[in-house]
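Chains A and B supply the protein sequences, listed in that same order. Just so it is clear: in the first sequence, position 112 is 112 by my numbering, and no numbers are missing. Just so it is clear: in the second sequence, position 73 is 73 by my numbering, and no numbers are missing.
Bear in mind the hints are in silico, worked out from the structure with no lab data behind them. A hint or two may mislead.
[To be verified] Straight-line distance between alpha carbons at most 25 Å, and here's what the computed DSS-like set of lysine-lysine pairs gives: (1) B:LYS262 <-> A:LYS12; (2) A:LYS109 <-> A:LYS182; (3) A:LYS238 <-> A:LYS11; (4) A:LYS11 <-> A:LYS130; (5) A:LYS238 <-> A:LYS107; (6) A:LYS238 <-> A:LYS26; (7) A:LYS130 <-> A:LYS390; (8) B:LYS274 <-> B:LYS262; (9) A:LYS130 <-> B:LYS262; (10) A:LYS390 <-> B:LYS310; (11) A:LYS195 <-> A:LYS182; (12) A:LYS11 <-> B:LYS310; (13) A:LYS390 <-> B:LYS143; (14) A:LYS47 <-> A:LYS130; (15) A:LYS26 <-> A:LYS182.
[What the hints assert, rightly or not] Cβ-to-Cβ under 8 Å is the rule here; a few derived chain B residues that face chain A: (16) LEU43; (17) ALA66; (18) ASN199; (19) VAL258; (20) ILE271; (21) TRP296; (22) THR309; (23) SER317; (24) GLU359.
[Claimed, not checked] The calculated label-pair distances, taken between Cβ atoms and stated as ranges, are: (25) B:GLU9 <-> A:THR60: 21 to 27 Å; (26) B:GLY64 <-> A:MET1: 18 to 24 Å; (27) B:ARG141 <-> A:MET66: 52 to 58 Å; (28) A:MET345 <-> B:VAL357: 31 to 37 Å.
Glycine residues also receive a C-beta, built at the ideal position from the N, C-alpha and C atoms.
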Amino acid sequence: MIDFQLTANDKKLLDAIRAEGLVARKYARYYDENEHEFPPEKLEEAKEFPHFMNLLGDRTDEDCGMAVLTTLIAQEQTWGDYSVRMRRQKGGLGNSALQAAGTDEQKAKWGHLTLAMAITEPGCGSDPSKVQTTAVRDGDQWVLNGEKIFVTTGCRAEGVVVWATIDKSAGRAGIKSFLVEKGTPGFVVTHKEKKLGIRADDTAAYVFEDCRIPRENLLGGDESVPKGGSGGFRGVMKTFNMTRPNVAALGLGIAEAALDFTRDALREAGIEVEYGPGLHGQSAVSERFQRLEALWEAAHLAVLRAGWLADNRQPNNVEASVCKAKAGAVVREITQGCIEILGPMGVSRDHLLEKWFRDCRITDIYEGTGEIQRLIIARTLLDYGRGELK
Amino acid sequence: MISFAPTEEQEVARDTMRNFAAQVLRPMARECDEASAVADSFLAQAWELGLTATQIPESYGGFGAARSPMTNALVLEELAHGDATLAMAAMAPSLFAHAVLDQGSEEQKQQYLPLFCGERYHAASMAWAEPTPDFNALQPRTKAARKGKGFLLSGTKCFVPMGDRASHFLIAAHSDDGLDAFIVPRDASGLSVTAPEKNLGLRALPTARLQLDGVAVADSDRLGGAVRADLRRLLNHGRVALGAIMNGLSRAVLEYCVPYAKERVAFDEAIARKQSIAFRLADMHIEIECTRWLVWKAAGQLERGLDATKSAHFARSYAAEKSMWIADNGVQVLGGHGFIREHPVEMWYRNARTLSVLEAAASV
Numbered sequence: 001m002i003d004f005q006l007t008a009n010d011k012k013l014l015d016a017i018r019a020e021g022l023v024a025r026k027y028a029r030y031y032d033e034n035e036h037e038f039p040p041e042k043l044e045e046a047k048e049f050p051h052f053m054n055l056l057g058d059r060t061d062e063d064c065g066m067a068v069l070t071t072l073i074a075q076e077q078t079w080g081d082y083s084v085r086m087r088r089q090k091g092g093l094g095n096s097a098l099q100a101a102g103t104d105e106q107k108a109k110w111g112h113l114t115l116a117m118a119i120t121e122p123g124c125g126s127d128p129s130k131v132q133t134t135a136v137r138d139g140d141q142w143v144l145n146g147e148k149i150f151v152t153t154g155c156r157a158e159g160v161v162v163w164a165t166i167d168k169s170a171g172r173a174g175i176k177s178f179l180v181e182k183g184t185p186g187f188v189v190t191h192k193e194k195k196l197g198i199r200a201d202d203t204a205a206y207v208f209e210d211c212r213i214p215r216e217n218l219l220g221g222d223e224s225v226p227k228g229g230s231g232g233f234r235g236v237m238k239t240f241n242m243t244r245p246n247v248a249a250l251g252l253g254i255a256e257a258a259l260d261f262t263r264d265a266l267r268e269a270g271i272e273v274e275y276g277p278g279l280h281g282q283s284a285v286s287e288r289f290q291r292l293e294a295l296w297e298a299a300h301l302a303v304l305r306a307g308w309l310a311d312n313r314q315p316n317n318v319e320a321s322v323c324k325a326k327a328g329a330v331v332r333e334i335t336q337g338c339i340e341i342l343g344p345m346g347v348s349r350d351h352l353l354e355k356w357f358r359d360c361r362i363t364d365i366y367e368g369t370g371e372i373q374r375l376i377i378a379r380t381l382l383d384y385g386r387g388e389l390k
Numbered sequence: 001m002i003s004f005a006p007t008e009e010q011e012v013a014r015d016t017m018r019n020f021a022a023q024v025l026r027p028m029a030r031e032c033d034e035a036s037a038v039a040d041s042f043l044a045q046a047w048e049l050g051l052t053a054t055q056i057p058e059s060y061g062g063f064g065a066a067r068s069p070m071t072n073a074l075v076l077e078e079l080a081h082g083d084a085t086l087a088m089a090a091m092a093p094s095l096f097a098h099a100v101l102d103q104g105s106e107e108q109k110q111q112y113l114p115l116f117c118g119e120r121y122h123a124a125s126m127a128w129a130e131p132t133p134d135f136n137a138l139q140p141r142t143k144a145a146r147k148g149k150g151f152l153l154s155g156t157k158c159f160v161p162m163g164d165r166a167s168h169f170l171i172a173a174h175s176d177d178g179l180d181a182f183i184v185p186r187d188a189s190g191l192s193v194t195a196p197e198k199n200l201g202l203r204a205l206p207t208a209r210l211q212l213d214g215v216a217v218a219d220s221d222r223l224g225g226a227v228r229a230d231l232r233r234l235l236n237h238g239r240v241a242l243g244a245i246m247n248g249l250s251r252a253v254l255e256y257c258v259p260y261a262k263e264r265v266a267f268d269e270a271i272a273r274k275q276s277i278a279f280r281l282a283d284m285h286i287e288i289e290c291t292r293w294l295v296w297k298a299a300g301q302l303e304r305g306l307d308a309t310k311s312a313h314f315a316r317s318y319a320a321e322k323s324m325w326i327a328d329n330g331v332q333v334l335g336g337h338g339f340i341r342e343h344p345v346e347m348w349y350r351n352a353r354t355l356s357v358l359e360a361a362a363s364v
């Protein structure tokens with residue numbers, strides 16, 4: 001039966017995360033203005049709040065599945081503040097890659113570490129098949145050389161999954177991912193990026209200079225370079241079917257905070273948003289605000305859809321792109337629109353709205369830009385391969 | 001719980017309607033549009049599907065299936081995918097019947113519901129919209145003035161689906177108690193019906209204009225009787241239905257554009273291979289998905305008896321904006337051919353513009 005109502009069990013869990021988020025929000029401005037000062041894993045005031053893993057309780061078939069729940073948790077966390085997310089999340093994107101592409105041995109060996117993922121380079125972003133970082137076999141070792149930027153949680157991570165080519169002439173088929181532990185000689189964190197938003201997040205730049213790692217650190221262990229195929233590339237890309245809905249949810253949590261703040265501010269000014277009187281029965285402000293809310297709801301339901309498919313073991317690569325593209329666009333429109341509605345109050349750093357406007361902007365870029373999502377959706381719609389639609 | 005899975009019953013209903021839409025509605029859509037008329041044979045054929053009678057309880061002569069706005073939303077999207085105009089013509093009796101079923105008094109149900117359980121299409125309709133530039137569904141200008149043990153109705157109504165042949169109308173009007181609806185037979189004294197209206201789109205749907213000059217109705221003709229009806233809830237039903245219909249139209253546009261864009265060559269390659277076209281199609285797909293979930297959310301709330309004012313408003317307004325946008329882009333993808341009546345997209349463009357200004361002209 002089609003149903004979009006959360007169970008009492010789910011609500012209880014999400015309310016608890018929201019309560020912690022509200023505490024974290026008090027520190028949001030501090031960690032925004034003190035960029036790169038790392039927030040503690042637990043704020044003193046929030047030390048009574050249990051980790052959400054301890055709140056899962058006895059889950060029934062009526063409760064939502066783990067993929068949906070993960071997106072809802074992400075959304076509640078960033079509703080509090082984006083920094084909650086990073087404090088509370090043990091793993092990084094590299095952990096998802098390890099789970100998607102690693103062997104059982106590799107998962108056992110590194111699964112407990114926080115792993116970042118290093119794909120982007122100064123000269124390539126959306127087209128990861130053009131990575132210039134090289135991995136050359138030398139006996140029982142791989143030797144890595146190259147430069148990586150925009151590595152999310154790149155400082156805090158205890159290890160990193162690095163994308164490098166073992167055969168430049170092979171294109172995508174030559175791309176492999178390697179696990180490099182922190183402290184490996186030749187692996188240097190050069191600097192933390194200074195950013196528009198999510199400033200509490202440690203986005204790093206790396207250099208690999210004759211960095212030697214054991215041969216068995218190639219994720220999945222397959223050293224072959226198939227002719228004309230994608231090799232392990234496709235497998236690693238599958239990681240995104242799970243992570244894209246989460247990124248969409250991260251943005252939606254921020255946008256929800258902006259909507260709540262704006263609704264409250266309007267109410268305080270005596271402007272109540274009324275639903276459904278039609279174009280002639282309401283003010284322009286009310287109409288504008290409701291439109292932003294509808295956009296939020298549309299993107300939110302698209303996230304649930306992508307998660308629900310994953311929970312039911314159905315393919316969700318298009319839906320993951322749909323919700324990512326939609327959320328990436330609407331969170332920008334929502335935070336821009338909320339500022340528009342509140343005017344000077346919206347741009348004042350006395351309030352967090354201007355910060356949310358900056359924080360959410362990244363969600364239409366990382367984990368695949370909106371344009372990349374549209375490319376994926378269009379190829380499926382049109383039944384086109386990569387060569388037919390670039 | 002969170003679930004996007006229709007029940008087996010709903011899947012059967014959806015698939016049946018999908019086939020009916022493809023085999024019957026789509027092939028005759030253009031002809032009906034050009035003729036500005038709906039064929040009686042079509043109405044008879046659609047009636048056999050039991051669109052209106054299925055959810056009327058057996059005690060009133062219906063098939064007794066559970067009342068389900070969700071099932072109806074699924075059905076409407078499919079029918080409108082064939083043709084929105086014919087879908088609305090086929091479903092028009094539900095405007096009256098489902099309103100009585102949902103909000104009518106026991107007396108009213110006994111009197112009127114059996115009309116819709118016969119073997120032949122029975123037209124009855126809802127008269128809500130008014131031909132003023134500032135029409136507000138919650139504050140119609142049509143008045144129900146108290147007179148003795150009844151009311152006198154005065155005002156003008158427009159865009160009454162199947163109003164040319166409806167036996168009864170539900171008239172939305174303002175009484176001293178607030179927003180009400182009244183059951184008025186076609187031959188009521190003081191009621192004049194002008195039909196058909198000439199509209200931009202939905203041309204095959206005969207709509208009527210009603211002039212009410214002191215039409216006398218009894219207390220017992222007020223929908224819901226003494227307890228009155230919740231017209232906001234009916235409006236919400238209408239909004240969800242329109243959302244589903246508009247999304248069916250949007251899907252038709254996208255599915256027409258995809259093969260066209262793959263076939264049409266410009267500058268030595270299919271236009272679908274250009275991002276300006278391909279991304280437009282991707283955006284159409286995104287919005288069709290999002291609209292469907294908004295419609296489902298509102299339909300689910302209606303089904304549970306919850307207040308769906310907000311979700312139904314979102315479903316209708318979002319579907320309205322996006323179906324208009326999608327139909328508009330459909331014309332653009334076809335270029336000059338989009339302007340030619342040989343292709344259906346110009347019709348969908350007109351239909352989208354028409355549908356997206358409507359309120360309560362369809363029912364779930």
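Tested hints:
1. Distance restraint check for LYS262 (chain B) and LYS12 (chain A): the Cα-Cα separation of roughly 50 Å exceeds the 25 Å cut-off, and the hinted pair is therefore not satisfied.
2. Annotation: proposed proximity of LYS109 (chain A) to LYS182 (chain A) holds, straight-line Cα distance about 14 Å (limit 25 Å).
3. For a cut-off of 25 Å, the pair hint linking LYS238 (chain A) to LYS11 (chain A) is broken: about 30 Å separates their Cα positions.
4. For the hint pairing LYS11 (chain A) with LYS130 (chain A), the CA-to-CA distance comes to about 44 Å; that exceeds 25 Å, so the pair is violated.
5. As the CA atoms of LYS238 (chain A) and LYS107 (chain A) are separated by approximately 17 Å, the hinted pair is consistent with the 25 Å bound.
6. Among the hinted pairs, LYS238 (chain A) with LYS26 (chain A) is inconsistent with the structure: their alpha-carbon atoms are about 37 Å apart, more than 25 Å.
7. Between LYS130 (chain A) and LYS390 (chain A) the alpha-carbon distance is near 14 Å, which keeps this suggested pair within the 25 Å criterion.
8. For the proposed pair LYS274 (chain B) and LYS262 (chain B), the alpha carbon gap of about 10 Å is at most 25 Å, so the pair holds.
9. Only pairs whose Cα atoms come within 25 Å are accepted, and LYS130 (chain A) paired with LYS262 (chain B) is rejected, the gap being roughly 29 Å.
10. Taking the CA atoms of LYS390 (chain A) and LYS310 (chain B), the gap is near 41 Å; set against the 25 Å cutoff, the hint is violated.
11. Using a Cα cut-off of 25 Å, the hinted pair LYS195 (chain A) and LYS182 (chain A) holds, with the two alpha carbons roughly 24 Å apart.
12. Restraint check: the Cα-Cα separation between LYS11 (chain A) and LYS310 (chain B) comes to about 20 Å, which is no more than 25 Å; the hinted pair holds.
13. Simply put, LYS390 (chain A) and LYS143 (chain B) have alpha-carbon atoms about 61 Å apart, too far for the 25 Å limit, and the pair is violated.
14. Among the hinted pairs, LYS47 (chain A) with LYS130 (chain A) is inconsistent with the structure: their alpha-carbon atoms are about 45 Å apart, more than 25 Å.
15. Restraint check: the Cα-Cα separation between LYS26 (chain A) and LYS182 (chain A) comes to about 33 Å, which exceeds 25 Å; the hinted pair is violated.
16. The interface hint given for LEU43 (chain B) is broken, as the beta carbon of that residue sits about 30 Å from the closest beta carbon of chain A, more than 8 Å.
17. The interface hint given for ALA66 (chain B) is broken, as the beta carbon of that residue sits about 12 Å from the closest beta carbon of chain A, more than 8 Å.
18. Taking 8 Å as the C-beta cut-off, the interface hint given for ASN199 (chain B) is violated, the closest approach to chain A being about 19 Å.
19. At its closest, the beta carbon of VAL258 (chain B) sits 6 Å from a beta carbon of chain A; the interface hint therefore holds under the 8 Å criterion.
20. Because the smallest distance between the Cβ of ILE271 (chain B) and any Cβ of chain A comes to about 11 Å, over 8 Å, the interface hint for this residue is violated.
21. Given hint, TRP296 (chain B) at the interface with chain A, holds; its Cβ is 6 Å from that chain's nearest Cβ, closer than 8 Å.
22. Among the interface hints, the one on THR309 (chain B) holds; its C-beta lies about 5 Å from the nearest C-beta in chain A, closer than the 8 Å criterion.
23. For SER317 (chain B), the suggested interface contact is upheld, since its CB lies about 6 Å from the closest CB of chain A, less than 8 Å.
24. For the restraint placing GLU359 (chain B) at the interface with chain A, the shortest Cβ-Cβ distance is roughly 7 Å, inside the 8 Å limit, so the hint holds.
25. For GLU9 (chain B) and THR60 (chain A), the hinted distance range of 21 to 27 Å is satisfied, since their beta carbons lie about 24 Å from each other.
26. Judged by the Cβ atoms, the range 18 to 24 Å given for GLY64 (chain B) and MET1 (chain A) holds: they are separated by roughly 19 Å.
27. For the hinted restraint 52 to 58 Å between ARG141 (chain B) and MET66 (chain A), the CB-CB distance of approximately 54 Å keeps it satisfied.
28. Checking the proposed 31 to 37 Å range against MET345 (chain A) and VAL357 (chain B) shows it holds: the Cβ atoms sit about 35 Å from each other.
In summary, the structure is inconsistent with hints 1, 3, 4, 6, 9, 10, 13, 14, 15, 16, 17, 18 and 20 from the numbered list given earlier, while agreeing with the others.
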